[in-house]
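Visitor: Chains as they are written, first to last, in the numbering used here: chain A, 1 to 431; chain B, 1001 to 1431.
What the hints contain is simulated information worked out from the structure, not anything from laboratory work.
Treat the hints with caution; some may be incorrect.
The calculated lysine-lysine pairs, modelled on DSS-like cross-linking and capped at a C-alpha distance of 30 Å, are [what the hints assert, rightly or not]:
{"hint": "1", "chain 1": "A", "residue 1": "K220", "chain 2": "A", "residue 2": "K349"}
{"hint": "2", "chain 1": "B", "residue 1": "K1383", "chain 2": "A", "residue 2": "K278"}
{"hint": "3", "chain 1": "B", "residue 1": "K1284", "chain 2": "A", "residue 2": "K398"}
{"hint": "4", "chain 1": "A", "residue 1": "K141", "chain 2": "B", "residue 2": "K1068"}
{"hint": "5", "chain 1": "B", "residue 1": "K1284", "chain 2": "A", "residue 2": "K411"}
Being a predicted model, the structure only gives us computed values, none of them experimental.
2 protein chains.
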Amino acid sequence: MTIADRWLLPDGVEELLPPRAEKLENLRRRILDLYSLWGYKLVIPPLIEYLESLLVGSGQDLELQTFKLTDQLTGRLMGVRADITPQVARIDAHCLKNPISLKGSTSLDKSSSLKNKNPFIDHQEKIPARLCYAGSVLHAKPADLLASRTLLQTGIELYGHRGVDSDVEVINVMLDTMAAAECGKVLVNLGHVDILSGLLNETGLSETLRQELFELFQRKDVTGLETFVGQYVLDESLANMLSQLIQLSGEAQILEKAKQVLRAAPASVLAGIDELEKIVVGVKAYHQDADFYFDLCEMHSYNYHTGVVFSVFKAGSGEELAQGGRYDHIGEVFGRARPATGFSTDLLKLSKLADLSLDSIDAIFAPSVNDPSLRVAVRTLRKQGRRIVSSLAGDDTKPADLDCSHQLVKKNEKWIVVGLILNEGDSIESD
Amino acid sequence: MTIADRWLLPDGVEELLPPRAEKLENLRRRILDLYSLWGYKLVIPPLIEYLESLLVGSGQDLELQTFKLTDQLTGRLMGVRADITPQVARIDAHCLKNPISLKGSTSLDKSSSLKNKNPFIDHQEKIPARLCYAGSVLHAKPADLLASRTLLQTGIELYGHRGVDSDVEVINVMLDTMAAAECGKVLVNLGHVDILSGLLNETGLSETLRQELFELFQRKDVTGLETFVGQYVLDESLANMLSQLIQLSGEAQILEKAKQVLRAAPASVLAGIDELEKIVVGVKAYHQDADFYFDLCEMHSYNYHTGVVFSVFKAGSGEELAQGGRYDHIGEVFGRARPATGFSTDLLKLSKLADLSLDSIDAIFAPSVNDPSLRVAVRTLRKQGRRIVSSLAGDDTKPADLDCSHQLVKKNEKWIVVGLILNEGDSIESD
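Isolated chain A, as found in the complex (with noise of 0.2 Å):
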């Protein structure tokens, strides 16, 4: 490795300097502040864990994304969360076994926890809990050729509730993020895992080949369907409706058309089709701007998700914002399956869209003498929330070499605040 490539970062892993950093520092700020307004509460979960509970009822997807570690204190194997969202269902099923844990101790007192008989366990089941978080998560391939490898996923979970309530809270959430970071007019797309699955599991296939015509819906292979449709699908209207669902996709009138064209099908489609309308109706009550996509075969990210599906794009650009939907079985492998729905965002793309404003204050640059009452005005001027630059003994700087607008100068025994345009601020007392 040459001097020249030392510096150079592996692809797909990315840093911020100044001042991109203190921007997304302050869209950090911004958003885990809405989310606290929201009545979410934030949770800090590990960067590493053991490989079976990062995992937990996620797909393959997600165990490629992830990044393996040996543990050298046990020789097992954990990784490097490449999602947070089954780290924060296991929080949901935990803590709420044992609430001492909300009171502030870390996992780490695992006996007590064990053991933990808790009288309050059966009300609470019913207690919604809502929970943020923003941490950093790495994959291991990028998504795509231009994706991020190191990302900052941002977002939210609300546990034990069923029923679009929530994921109408969740979608709303989800929107004013957006409007938080100021990236402009977006997009919602919904979808229902229901619309697709429902047919699926009418065709009575093998698992091979509906895994096979899955993956026709997912590449968007019309062609492709009706050949295998031809093949393996007797039944003419399932048939029928399995070749119109692969088109089933564009604006607010597609929900009409799909109750038409899906008619037949079983109550499990329809009743998918019901709750996407409803979220709709619910998200427009707060959000009276928002425009909706539907994708009626969309399925999950991770494969964890169980009922509605949705994300935002950026209007034109077609860019996924971010994403979720509802998933009620993954808090089941650690003991308590609790409805569950959120959504998540990478801050790090979000802050290259926003146009965040940097309300920066002015630095103040300080002479190197050597002066107490300099001093004085110094800390007194940190106090009131200025930002001072000292000029170190020895180094030449100008004011305009440390990205100061102001210095401090000495003026009848009292040190002000001096523009460097000349014009005079504020004095100070030094004392």
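With the hints as your guide, set chain B onto chain A.
Guide: Chain B only, in chain A's frame:
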């Protein structure tokens, strides 16, 4: 893995649940704001890099602490950072050669940066750069039995200035950090690499023997040292100085004693003692009440320090809360050596000591009724920075279940906020 232990975390791997997570987030913001007031600019280096970049200038300790990963795109070895300081050194060496990066582009634009010849470099070489960071690091092994392996490393680095002034500034920021974290009375521990190494060089011993001697000092093995010195160090005065150096630790008067004991030592040793005296004066000028402890054979973590080394301890407990020092050569491997000094701390550790009060805002319970005027009220209140937690259709939660201290009730066609203790709150307009 049974259901019962699926949520167990590996030893030394921690996660924060409410309210501790919120406490950490508050502390993180408070401390990054502090660095900003001192003129330090935030950088966000990546969690993973090629191993060669991560380990530059550092010794074997860091390599042993670093989790290794294989980059599936290139087959090259990467590491999960165990320390952020070398990354920030890379950024200083790299950015100022590519000022465009400072305008916010990422290190991904390599080609451009490689060619880039910059006329301002000569001047910029002399301009100190102040950088700060807060990010996760992983340790493959815990530093000690109780230590965490998942740290939130936070700190500052000051590049481009030789001489005690910059060390003084860094120590002052370190003390302000401890104050901001409200972790009580602390003690500054000072040492200087040149003192021990100056004497080691004088011995003229082989590298192996010198290392052996060095380790005796690290272990504070007084009798072992006696034997070694008697056997290998013929120069009586030098032997005498080495035997006394191992005892030279304690409060201020130690420096006086050292000047006596080491008066025959090479200039670099005496210059080291002199620097320590200057640093004490400089720090006391800003923190009058600062207390110091000196350990003159103190050496350096991760082997990259080259001058003064310092740390803060919690008074009484003796627990180390932060550490740093001068490391003037680390930039070389990136093609640009600049004098450098800095410190870092683990915010997770601090947040446990810190007794930060949560300035948490009231939560207001919103009933689950389909009333447009309620949605307007909720949106209005959130815009005003009030926290609203909505009941969801079908959940039979009471305000207290959702940690709400107030609730929204409708009175004469108006939604008003009412305290649960039934004292009426401010009415808010629903239009």
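Visitor: When the hints from earlier in the document are held up against this structure, which numbers fail?
Guide: none
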